[in-house]
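Work the whole structure out from these sequences, hints included.
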Amino acid sequence: MSTDKPTNSEQALDTLLHRWEVRQPLPPGFEARVWRQVARTEAVSAGPSAFWIGLEMWLRGLLGRGLAPYAYITALVLLGLAGGTWQAAGKLRQERLELRALYIQSVDPYHKSHD
Amino acid sequence: MRRPWLMLCLGLAAAAAAYALAYYSRFALSRTNPTGHPAELAWLQREFNLTRGEFERIAQLHQAYLPDCVAMCQRVDAINRRLRGLLAATNQVTPEIQQALADAARVRTDCQARMLGHFYAVSRSMPPEQGKRYLEWMQSQTLLPTFHSAAELGPASAAHERDHH
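Residue numbers (our numbering), protein chains in the order written: chain A, 216 to 330; chain B, 47 to 211.
Mixed in with the good hints, there may be bad ones.
[To be verified] Now the in silico label distances, taken between C-beta atoms and shown as ranges:
(1) Leu-56(B) / Phe-245(A): 26 to 34 Å
(2) Gln-176(B) / Lys-306(A): 21 to 29 Å
(3) Arg-234(A) / Leu-52(B): 46 to 54 Å
(4) Ala-316(A) / Ala-117(B): 17 to 25 Å
(5) Cys-55(B) / Thr-222(A): 53 to 61 Å
(6) Phe-266(A) / Cys-55(B): 12 to 20 Å
(7) Trp-250(A) / Leu-67(B): 49 to 57 Å
(8) Thr-256(A) / Leu-52(B): 19 to 27 Å
(9) Arg-234(A) / Leu-58(B): 18 to 26 Å
(10) Ala-66(B) / Arg-238(A): 53 to 61 Å
(11) Lys-306(A) / Ala-117(B): 54 to 62 Å
(12) Leu-56(B) / Gln-320(A): 43 to 51 Å
(13) Gln-145(B) / Gln-320(A): 53 to 61 Å
[As the list claims (entries may be wrong)] Far from chain B by the CB rule (all over 10 Å, computed), these chain A residues:
(14) Leu-228
(15) Leu-231
(16) Trp-250
(17) Thr-256
(18) Leu-296
Hints were generated in silico from the structure; no laboratory data involved. Here a beta-carbon is modelled for each residue, glycine too, at the ideal position from N, C-alpha and C.
Next comes the structure, spelled out in structure tokens:
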């Protein structure tokens, strides 16, 4: 008896699968998510560059949606502006203290360094 | 496939540019000194909101005071050198040391009186409110002692002083 020949139960399953229909709609973005997951799984098994590919996939997922790229750029620009202003304020405060000390030294003989 | 990296780099470059813009515009704007006077005098103008005329008058007073200040510094240096030599030569309060201490006190009094005169002259060249603020600040920084008596510091120090006596 050959093992390649389908049995009755296998034929029944085959028929059933051919008749099967999905009636409920898939959730939005399901297909894209499946392909992303496939790509991620392939990337993980790909070797040393897996990290970078994974990161790229993650970035793609993060930045590839609607207004996300604009929000990302805007957030970084605001962060840069705030950082620059804060650093400059700190430096100016320090410089102000130095100039105060310098002015006092310029008028007070007891604030100058004497030998 | 390059787009995510491009976005990442673009974002970082934008952040760096924004940082540099904010830093240098704020810093450069506050540091401008078109007067040509030393930076500490330009600071005085900003700190006390002086007009151009007020500032020029104060700058003249400052220039006129500087030779006096240099002469005072030389006197302070001379008396300090003398006192240091005397102190190194003995372990007792000799009449020479007493004399040198008295001379040092006289030099200090003289310097302080001249400084105070300069502070009054500068404060008179400022608007009244700013002049008052300048005077209070300079006096606290140069003439008034930074140490306090125990009675001034509060009950704990007063108790310490009582125990001490």
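Okay, the hints, checked on the actual structure:
1. Leu-56(B) / Phe-245(A): 26 to 34 Å: holds (30 Å)
2. Gln-176(B) / Lys-306(A): 21 to 29 Å: holds (26 Å)
3. Arg-234(A) / Leu-52(B): 46 to 54 Å: holds (49 Å)
4. Ala-316(A) / Ala-117(B): 17 to 25 Å: holds (22 Å)
5. Cys-55(B) / Thr-222(A): 53 to 61 Å: holds (60 Å)
6. Phe-266(A) / Cys-55(B): 12 to 20 Å: holds (18 Å)
7. Trp-250(A) / Leu-67(B): 49 to 57 Å: violated (41 Å)
8. Thr-256(A) / Leu-52(B): 19 to 27 Å: The hinted range 19 to 27 Å holds for Thr-256(A) and Leu-52(B), with Cβ atoms some 25 Å apart.
9. Arg-234(A) / Leu-58(B): 18 to 26 Å: violated (55 Å)
10. Ala-66(B) / Arg-238(A): 53 to 61 Å: holds (59 Å)
11. Lys-306(A) / Ala-117(B): 54 to 62 Å: violated (36 Å)
12. Leu-56(B) / Gln-320(A): 43 to 51 Å: holds (49 Å)
13. Gln-145(B) / Gln-320(A): 53 to 61 Å: With a Cβ separation near 29 Å, Gln-145(B) and Gln-320(A) fall outside 53 to 61 Å, so the hint is violated.
14. Leu-228: Holds, because the least Cβ-Cβ distance between Leu-228(A) and chain B comes to about 41 Å, which exceeds 10 Å.
15. Leu-231: Given a closest Cβ separation of 41 Å, the condition holds.
16. Trp-250: Correct as stated: the minimum Cβ-Cβ distance to chain B is 14 Å, above 10 Å.
17. Thr-256: Its Cβ never comes within 10 Å of chain B, the nearest being 17 Å, so this holds.
18. Leu-296: Non-interface label on Leu-296(A) violated, nearest chain B Cβ at 5 Å vs cutoff 10 Å.
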